[in-house]
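Colleague: Going down the list, the sequences are from chains U, H and W.
All residue numbers for the first sequence refer to the working numbering, where the first residue is 1 and numbers rise by one.
All residue numbers for the second sequence refer to the working numbering, where the first residue is 220 and numbers rise by one.
All residue numbers for the third sequence refer to the working numbering, where the first residue is 856 and numbers rise by one.
Simulated from the structure, these hints should not be mistaken for laboratory data.
Among the clues, some could well be false.
Unchecked claim - Non-contacting residues of chain U with respect to chain W, defined by C-beta distances greater than 10 Å in every case (computed):
| hint | residue |
| --- | --- |
| 1 | LEU19 |
| 2 | ILE55 |
| 3 | GLY139 |
| 4 | PHE217 |
Said to hold, decoys possible - DEER-style ranges, computed between Cβ atoms:
| hint | chain 1 | residue 1 | chain 2 | residue 2 | range |
| --- | --- | --- | --- | --- | --- |
| 5 | U | SER89 | H | LEU600 | 29 to 37 Å |
| 6 | W | PRO993 | H | ASP416 | 42 to 50 Å |
| 7 | H | LYS569 | W | THR934 | 33 to 41 Å |
Said to hold, decoys possible - Taking lysine to any residue and the SDA-like style, the derived pairs with C-alpha atoms no more than 20 Å apart in a straight line are:
| hint | chain 1 | residue 1 | chain 2 | residue 2 |
| --- | --- | --- | --- | --- |
| 8 | H | LYS726 | W | MET894 |
| 9 | W | LYS973 | W | SER1056 |
| 10 | W | LYS1097 | U | LEU182 |
| 11 | H | LYS302 | W | GLY990 |
| 12 | U | LYS96 | W | ASP1082 |
| 13 | W | LYS871 | U | TYR91 |
| 14 | H | LYS470 | H | GLU836 |
| 15 | W | LYS871 | U | TYR90 |
| 16 | W | LYS1097 | U | LEU10 |
| 17 | H | LYS398 | W | SER1056 |
| 18 | H | LYS302 | W | PRO993 |
| 19 | H | LYS302 | W | GLU994 |
| 20 | W | LYS871 | U | SER88 |
| 21 | H | LYS591 | W | GLU1003 |
| 22 | U | LYS2 | W | SER1059 |
| 23 | H | LYS855 | H | GLU536 |
| 24 | H | LYS251 | H | ILE689 |
| 25 | U | LYS84 | W | SER1059 |
| 26 | U | LYS81 | W | ALA1063 |
| 27 | W | LYS1047 | U | LEU184 |
| 28 | U | LYS188 | W | GLU1073 |
| 29 | H | LYS233 | W | GLY990 |
| 30 | W | LYS947 | U | TYR92 |
| 31 | U | LYS2 | W | LEU1101 |
| 32 | W | LYS973 | H | GLU428 |
| 33 | H | LYS760 | H | ARG702 |
| 34 | H | LYS703 | H | GLY713 |
| 35 | U | LYS94 | W | LEU933 |
Owing to the predicted nature of the structure, the values given are computational and were not obtained by experimental measurement.
Note that beta-carbon positions come from the ideal geometry of N, C-alpha and C, so glycine has one too.
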Amino acid sequence: MKTTTLQYKLIMAATGLFLCFFLVIHLLGNLQLLLPAARAQEQFNWYSHLLSGNILIKIISWVLYLSLISHAVYALLITRKSKKANASSYYYDKRKVSSPWSSRNMGILGTIILIFLVIHFKDFWYVYMFTDLPLDAAGNKDLYTIVITTYDQLWYVLVYEVSFLALGFHLLHGFFSASRTLGLYHPKYVKAVKVFGWMYTLLITLGFMAIPLYIHFIK
Amino acid sequence: MMNSKIPEGAINEKWSNYKAKAQLVNPAHRKKLNVIVVGTGLAGASCAASLAEQGYNIQSFCFQDSPRRAHSVAAQGGVNAAKNYKNDGDSVFRMFYDTIKGGDFRSREANVYRLAECSANLIDQAVAQGVPFAREYSGYLNNRSFGGVQVSRTFYARGQTGQQLMLGAYQAFMRQVGKGKIKSHTRHEMLELVVIDGKAKGIIARNLETGALERHVADAVVLATGGYGKVYYLSTLAMGCNSSAIWRAHKKGAYMAGVSWIQFHPTCLPQVGATQSKLTLMSESLRNDGRIWVPKKAGDDRRPNDIPEEERDYYLERRYPTFGNLAPRDIASRAAKERIDAGCGIGPMKNAVCLDFSKAIAEQGKEAIEAKYSNLFTMYLKINGIDAYKEPMLISPAAHFTMGGLWVDYNLMTTIPGLFALGEANFSDHGANRLGANSLLQSCVDGYFIAPYTIPDYLAGELKNAKATIEDPAFIEAENAVRKQLTQFLNTDGHLSADYFHKTIGKLLYDKCGLSRNKENLEQAIIDIAQLRISFEKDLKITGDDTLNSELEKAGRVADYLALAELMCYDALQREESCGAHFREEFQTAEGEALRNDDNFCYVSAWEFKGKNIAPELHKEPLVFEAVKLSVRSYK
Amino acid sequence: MKLHLKIWRQLNAASKGEMIEYEVSEVSEHMSFLEMLDMLNESLIQRGERVIEFDHDCREGICGQCGIMINGRAHGPLTHTTTCQLHMRSFKDGDTIYLEPFRASAFPILRDLKVNRKSFDSIIEAGGYISAAIGQTPEANSIPVSYEASEAAFDSAACIGCGACVATCKNSSAALFTSAKINHLVQLPQGKLEAADRVLSMVSQMDAMGFGNCSNTEACEVECPQDISVLNIGRMNYEYNKALLLRK
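Just chain U, with the same shape it has in the complex:
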């Protein structure tokens, strides 16, 4: 049997949901930045070290990279098919009134997130993994100081805030869309998942948005 677009969508859904799960872990880790400075530095650096040493975590991080890449690649493949299916455009097009903006613009939102990820990886992940950083009192690489100094720059905070907004809209549609692709159809649970999706999106988005703002303006 030929592979169908629906199977591609299943990969999108599975990887997307895994990334959603990862965001929770990531946010929980980042929340340590909000602790009092000394405590935050110690704990955050210890946590970062923990994540880079453990073999289990290593495996998970490889799954994560793979998820990110395949989520993007399959999105491209599906979009290419859709473009082919919807090749001729309307002279006068008001189709957008029938559906939420985010659901129609997942590609744009995804691209913003992708660009953000490049910046994000370059500034933290790459620096942490492949450069020599000064050590903190406990002997862990001092990622904390890097984060704090980075967020001192306003433009950087702005880039982050915009990206998190894009992430929020992406999650809002993505979470629910994944549940449908996986086959959730009972009206009661569809509603429950929609409510859960909203709450999840709000928590993740506001959580991530709060941290740079807090560091920049309050700390």
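Add chains H and W to chain U, keeping to what the hints say.
Modeller: Below, chains H and W alone, put in the same frame as chain U:
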């Protein structure tokens, strides 16, 4: 005299006797036999699917863009079947009797009995196909009583029974397309029947996408092309419904019967303007809860809600106390016309009567009415912008169903051997008036249960004969004739559109050969139609070319309507009695009820085409009633 | 009222089309949209021009043959309404109305506003049926179907196959159409037996006919004349995933 080939035996044994003796075709031979089925409505799709499943090769044709769109899809109310699930005294015989009586004793007993006999099996068939009929909470099938009968035998799927049965047949049809047993030609219109050595052997079809004329050869041809109520232009039918296939078969020698028996449906939306193209049907089931009335005094200009109770005339309840608002269609329609003609009509054009739900809503609650009819009320709101929960619906009679059609014998074969007519396209089972929910039944029964026996019976005899080919002179001649007519349409340098002629003939027929007729009007109509035909030949204007061109399609259909209209008038003029939907003003009782004349007119009028501008020739098929006694149809 | 129309004219699938301007006057609010087009065509005939080709048949919203993109929306400004059920009271004097065919690669344009929707038939052909033999079927009441199941099946089966879902979809997906048929049948005991093969085959066919994927924008449900629920798509995915997992 016509030979209807009714099998031997008592009425309840005839069909069994027929089936026991019908000839069969060896399975190995079936794939050598080809059948053309024109039309993909309930009759066409079910017949094509049934024959394909038996192993014959089917070529199917429809003018729509998909087989699923045939106008069977629009039937709302339901389908009758003598299941007696409600234990209220129904039986095959009672259903047979109701249908015969409903048809005012102008149908063939044996056919009608077979219709009732096969009805139960149709429900089984439809359920197996997944038709979502209404259910009780127990999970068993529900049914209701419908238009003019006293038992509950109507199965329904909300207000879209026709659609659901149609989809069942369409899906069975598409399954055979997938198996390669049916070749489906959509957007094709049959424009000529090809007769070789006296037998139907093929058709000329026009590909409506390209305009190409195609020759298709077969061992038998089935016409399941529906009714011709669209001849009135304003009707409940689809815009594309036409009489061309049957009319062209008629010109090739197939007799037409009961041509002027046209049912006007009592519950349709009235005309509101000159550009109107369609009178939408509101299901007759509305009459189960709606009460019909007009103002007592003529020329009352008040809005319906402003007219007090005591100034309303519930004329059906007044005239027919037993059946009241559920009086059969022909009676309800005529009674409405009588009131409208008396000046009591309501609405902007004074051409409607009220269908009032206020009593039902007060008694049962709005929710109960919503559960039964919400789709109809929504439809009414969409079309008129009026909320029928708050004010009465305005309704009026509209041309709906043609009881007449190609004459067929018990085998559903026309007077041309090898040419079969199924469903509304034949004159068949409804006599002079069709009962509600019997039309879905008849088309399905013809296609699923009758044609699969009678067509093989004919084909068995064809096996030994030489195969016709599309190089046969008859094909060449037929194709040339079609091409000549199309060229003529395109070259007529007139100034009037096909629609103009269609509207004109429609109005003329409605006035002179509609709900009621008289000799003087009919004679005048024949003269007027002749004039109109002359005008059509010189004043028609068609733009575009002979490729995809909807105007060219219309022209052909209108040309046939004009000729058919003439025959309708001849038929109505010749039948000097009132029966069912055919009401001759000269023949009525003192109370204004139809006066049938069984001594002189207890026969089917089958007309033979004798040539253009030559009066058609009448052949009679006497109707013999053995199982029922002729009686006066009273709904008082 | 008087209206300005901009209508897509295209000779055939291969040729290039363009928007052409027309004017109609004396339009009554009681007219249906298609009657307004009839009127325009009548005037084109009088001027000796080729008429505007558009699909229509029953004009009561059930056959599914009509379908025009009106002012950028499938079947026009009203939700859950076919083109034929749209009336001129939805417009006002002086309006400019844009008319285009339903656009999708799987619906090639035949001429003007007419498109070819054979791809829908082919999806049904791939398995949108119950393989019941004709003629000899069991007594109808020997297959009880719960009231809820029957009503739910009806909701899905009400689809008229007009293609508005595809026309309004940014991906030209036929997911709503296909899932409606799959669910009509899978919710009935008679239809469950072939459920796995049916869903695998119909979903593949949907791809093969060149329809796009469903990205759950839910625009289709809004435009669907029969208000077919997008939950059907969820159920189709469920049945598809189940069939994939349990496939031997």
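Colleague: Next, verify each hint and record whether it holds.
Modeller: Hint check results:
1. LEU19: holds, 17 Å
2. ILE55: holds, 31 Å
3. GLY139: holds, 49 Å
4. PHE217: For U/PHE217, whose nearest Cβ neighbour in chain W is about 37 Å away, the distance exceeds 10 Å, so it holds.
5. U/SER89 with H/LEU600: 29 to 37 Å: holds, 34 Å
6. W/PRO993 with H/ASP416: 42 to 50 Å: holds, 44 Å
7. H/LYS569 with W/THR934: 33 to 41 Å: holds, 34 Å
8. H/LYS726 with W/MET894: Holds, at roughly 18 Å.
9. W/LYS973 with W/SER1056: holds, 17 Å
10. W/LYS1097 with U/LEU182: holds, 10 Å
11. H/LYS302 with W/GLY990: Answer holds: H/LYS302 to W/GLY990 is near 17 Å, not above 20 Å.
12. U/LYS96 with W/ASP1082: Holds: U/LYS96 and W/ASP1082 sit about 18 Å apart, inside 20 Å.
13. W/LYS871 with U/TYR91: Distance of about 13 Å is within 20 Å: holds.
14. H/LYS470 with H/GLU836: holds, 12 Å
15. W/LYS871 with U/TYR90: holds, 14 Å
16. W/LYS1097 with U/LEU10: Measuring from Cα to Cα gives roughly 12 Å; hence the hint holds.
17. H/LYS398 with W/SER1056: holds, 14 Å
18. H/LYS302 with W/PRO993: OK: H/LYS302 and W/PRO993 at ~14 Å, within 20 Å.
19. H/LYS302 with W/GLU994: holds, 10 Å
20. W/LYS871 with U/SER88: holds, 11 Å
21. H/LYS591 with W/GLU1003: holds, 16 Å
22. U/LYS2 with W/SER1059: holds, 7 Å
23. H/LYS855 with H/GLU536: Given pair H/LYS855, H/GLU536 holds - Cα atoms ~9 Å apart, limit 20 Å.
24. H/LYS251 with H/ILE689: The hint holds at about 16 Å.
25. U/LYS84 with W/SER1059: holds, 17 Å
26. U/LYS81 with W/ALA1063: holds, 11 Å
27. W/LYS1047 with U/LEU184: At roughly 19 Å apart (the allowed maximum being 20 Å), U/LEU184 and W/LYS1047 satisfy the hint.
28. U/LYS188 with W/GLU1073: Within the cut-off at roughly 18 Å; holds.
29. H/LYS233 with W/GLY990: Since the Cα atoms of H/LYS233 and W/GLY990 sit roughly 19 Å apart, the hinted pair holds (cutoff 20 Å).
30. W/LYS947 with U/TYR92: holds, 19 Å
31. U/LYS2 with W/LEU1101: holds, 17 Å
32. W/LYS973 with H/GLU428: Cα-Cα ~13 Å, so holds.
33. H/LYS760 with H/ARG702: holds, 17 Å
34. H/LYS703 with H/GLY713: holds, 18 Å
35. U/LYS94 with W/LEU933: holds, 13 Å
No hint from the list above goes unmet by this structure.
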